[in-house]
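When you get a sec, could you build the whole thing from the sequences and use the hints?
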Amino acid sequence: MESLLNMERLKNITHSVVNSSFENQTLNAGINKAQNWWKNHQNHNISLPIVQDISPSSSRVDHHSGQLIVTILCAEDLYESRLSMFTASTPVLERPYVIIECNHQRFQTKQADSISTNQNPQWTDDNGPFYFDRINPDIDHLTIWIQQKDTLHIRKHKQTKTLGMCEVDIRNLIDQEQIWLPLKKDNKPVGQILLQIAYISKEK
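Here UniProt numbering is used: the first residue of the sequence shown is 1, the next is one more, and so on.
If you are wondering where the hints come from, they were derived from the structure by calculation, not from laboratory data. Each statement offered as a hint is correct.
SDA-like cross-link-like pairs, simulated, lysine to any residue; straight-line CA separation at most 20 Å:
#, residue 1, residue 2
1, K161, R106
2, K161, D150
3, K161, I99
4, K202, Q105
5, K161, E94
6, K110, L73
7, K185, T162
8, K110, L194
9, K161, T143
Quick list of the computed label-pair ranges, beta carbon to beta carbon:
#, residue 1, residue 2, range
10, A198, I139, 15 to 25 Å
11, K161, L73, 19 to 29 Å
12, T117, I139, 32 to 42 Å
13, Q119, S201, 34 to 44 Å
In this text, a Cβ means the ideal position worked out from N, Cα and C, and glycines have one as well.
Below is the structure:
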């Protein structure tokens, strides 16, 4: 009886060893197969894409980008504010100046020449050329403001006031050398401004 029990135990042990050995062989075969697949499919000539930190102004398609060059020349028929009567006594502080912006780039002129008037100002000092880079004429536009310092605070604690502004698509400036642009304020015409324009295409 005891011999029969020992024989049964031996069979169970042998069966367990065989199963364990079979499982190990199966596992090793799977590992070897995976390693061989990886070696056969590796291509050392393929490089991974590089992730770059892209700023907001450069996160655009550059197929049609270029450089816009603008010089501010003069304006005509601007709204003549109530401060104009004091121009003779405070000529430096009350002359108009221009702010231009395109594709998150902004420039500002100095105040208009002292020999010109607030209604018909001219700019010859720090009036450009201003260089706007990475300009896409299909989507970008140029915005212009003519402003004036309000040193007497007539306009309820505002130290500056806008005499006129305009916005124009870059595509309308590409073929121009000089262009008059209409100005508006409160959706009403308030004069015009003359720009000198150059556009350098960097299309590849």
